[in-house]
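Same order as they appear, the protein sequences are chains A and B. Under the numbering used here, residues 131 to 483 are what the first sequence spells out, in order. Under the numbering used here, residues 131 to 483 are what the second sequence spells out, in order.
In case anyone wonders, no lab produced these hints; they're calculated from the structure. Since we're looking at a predicted model, the values are computed, not measured. The reader is advised that the hints may include incorrect statements.
[Stated by the list, open to error] Covered by chain B, per the in silico footprint, the following chain A stretches (three or more residues, Cβ under 8 Å): (1) 135-149; (2) 252-261; (3) 307-314; (4) 356-365; (5) 373-385; (6) 392-399.
[Stated by the list, open to error] To give an idea of the chain B side of the interface with chain A (calculated C-beta under 10 Å), a few residues: (7) His237; (8) Ala342; (9) Arg397; (10) Glu398; (11) Leu480.
Each residue gets a CB set at the ideal place from its N, CA and C atoms; glycine is no exception.
Protein chains: 2
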Amino acid sequence: MSQRRAEVVGLGLIGGSIGLALRRRGWHVSGTDIDPARAVRALEMGVVDHAGPDTAAEITFLAVPVRSVPDAALAALASTQGIVTDVGSVKGSIVEAVNHPRFIGGHPMAGSEQDGIDGAEADLFAGSVWVLTPTPTNDDDQLNLLRSVIVDLGADVVALAPEHHDALVAVVSHVPHLTAAALMRLTEQRGNEHRALLRLAAGGFRDMTRVASGHPGIWPDICVENRPAIVEVLDGLITSLQDVRSLVAEGDRAGLLTLLERARAARENLPSRLIATVALCEIRIPVPDRAGVLAEVTTLAGTLDVNIADLEIAHSSEGERGVLILIVEADAAERLRSGLLALGFRPAVLPLQ
Amino acid sequence: MSQRRAEVVGLGLIGGSIGLALRRRGWHVSGTDIDPARAVRALEMGVVDHAGPDTAAEITFLAVPVRSVPDAALAALASTQGIVTDVGSVKGSIVEAVNHPRFIGGHPMAGSEQDGIDGAEADLFAGSVWVLTPTPTNDDDQLNLLRSVIVDLGADVVALAPEHHDALVAVVSHVPHLTAAALMRLTEQRGNEHRALLRLAAGGFRDMTRVASGHPGIWPDICVENRPAIVEVLDGLITSLQDVRSLVAEGDRAGLLTLLERARAARENLPSRLIATVALCEIRIPVPDRAGVLAEVTTLAGTLDVNIADLEIAHSSEGERGVLILIVEADAAERLRSGLLALGFRPAVLPLQ
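So that you can see chain A by itself, here it is in the shape it has in the complex (with noise of 0.2 Å):
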């Protein structure tokens, strides 16, 4: 069997993260970025095979910037036959602008854009989040062939549409990075109190605060690339400072508890970002000769997060219609068998040993 064969494009910390896990798994890994130093580097960090493009690439991964991903794209999907994916913040802009086959959305939810090569990591995929934007325009193989790769680097791969994973990284990304600014900001409005201000800034103030010592490069591409759902957002959290503002005026303190329990329990249900050991269930789906069923299927599961812990395509020998073999968590298989009738599919779900 032959090497695999990745390239990955733009070389900073996610780029420079893939390839070192994809050459820790076996593949031979060409990179490229737009600073020629940059690509140098990493072959003698060892991040890259080869400091070059590969026409040859299976898959190839697009680390650049938001601003830059369509274009990028473009490029490889005609110098190459494999699949192009990137790893941008923003994803409903790119999908549509690229609207290829053969381009799958990406985001892996790791480590910071925002470092360069020299933190890269092999492991720094392991126990995340990657989320897949697949549309029906995409070819289930391919869905399949990246999904499991990503998977092999150790992440959990969530399958969402494109416009609803802008609207939910709004919420628990891009939207906290602002108002971590602006917190930063009040600490600034009080001029002569500043240094004495900031020596009471205790711990939870410097969490709070932590993402905006990032750089700041990337996210003016990121606000306006997801503007409408970072504007909605916003409103919402304004809306809700507003409220707590007439609480504490009125000094409501049934009012301050509720909020603040409701918060805490919110705040408890974050889910571990370790997988259990958990019994699973195997769903299977008679699927209809149509593309774009897994990305269909894939995308529900993300949206009722159901972790998909394997998955199939058994074709029947008579020609497309197959079977679709999913293996979730036991406890999450009533919920994707319910939204899977809701779509018209008839799964059967069965206990695994």
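We have chain A; now place chain B onto it with these hints.
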């Protein structure tokens, strides 16, 4: 020399840590709690030598909820001849309500008031900031004594006027806490997407909402007691977020970059909690025959963020008039000298070897 005696009222995380820290330094510590079982537990844990009050206490530390401090302070002032201090997160209303020469408001900015005695640690205050909010009512010698005990626990003492403290903690603690709750509420409002959303919550979101996981019980009181400052800072944050929303809605990349670059610079200015080895200066200040001069000078130092490394009052043999000797970082000496001149003092700055 007889053993020094202290009493701790309220045996939670902070009260328990004060007990452990004092006992390690040879003090005899008594402790009481509204819940007698907790005092027994403190005795078992070695947090206190004695479960019960101590009318001979040189210092009584009130580690009770903010709302309970004034009554607890009046009781301790009536039953002992010593200093009474508290650890509450709001100071103005407490200091005004108690208004006694032997009551000095305090606020250790360490740990979390939200955990119980089982989290108590003798080293909790090492390297942390402990605010004192003396007023001109306070006796200089007693302020000096309390200050030296707290420095001995490993904390940096920062003296601030009570209202100034309250304005600053609204910025670095109270409003950030409420903001974390508002961010968690955003995730709740997504309804069915809630679970999928929380799986995408990576390190940044976890950091920003960590404070929301603490016990909410103490916060309604804090919000009510510090109402004016919190409302003012919340208004500032809401305005700031509205500005951010405009930048995003307008797609103003340059404006967003400026905002985030300034936030990053401010974040990088957060002083380390580690004290560097720095050159020190001595400032000698002839002090007039009036009470409260130490409170005035140390509060000025707090406002100007001048860390007082050591402090001595040398009384002249003729009576009350004397010399206040401060040891401060050389870099900060000129700042403090100017402030002292502006208040009518005649400081002399001398380098130390």
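Any of the earlier hints contradicted here, and which numbers? Hints 1, 11 not satisfied by this model.
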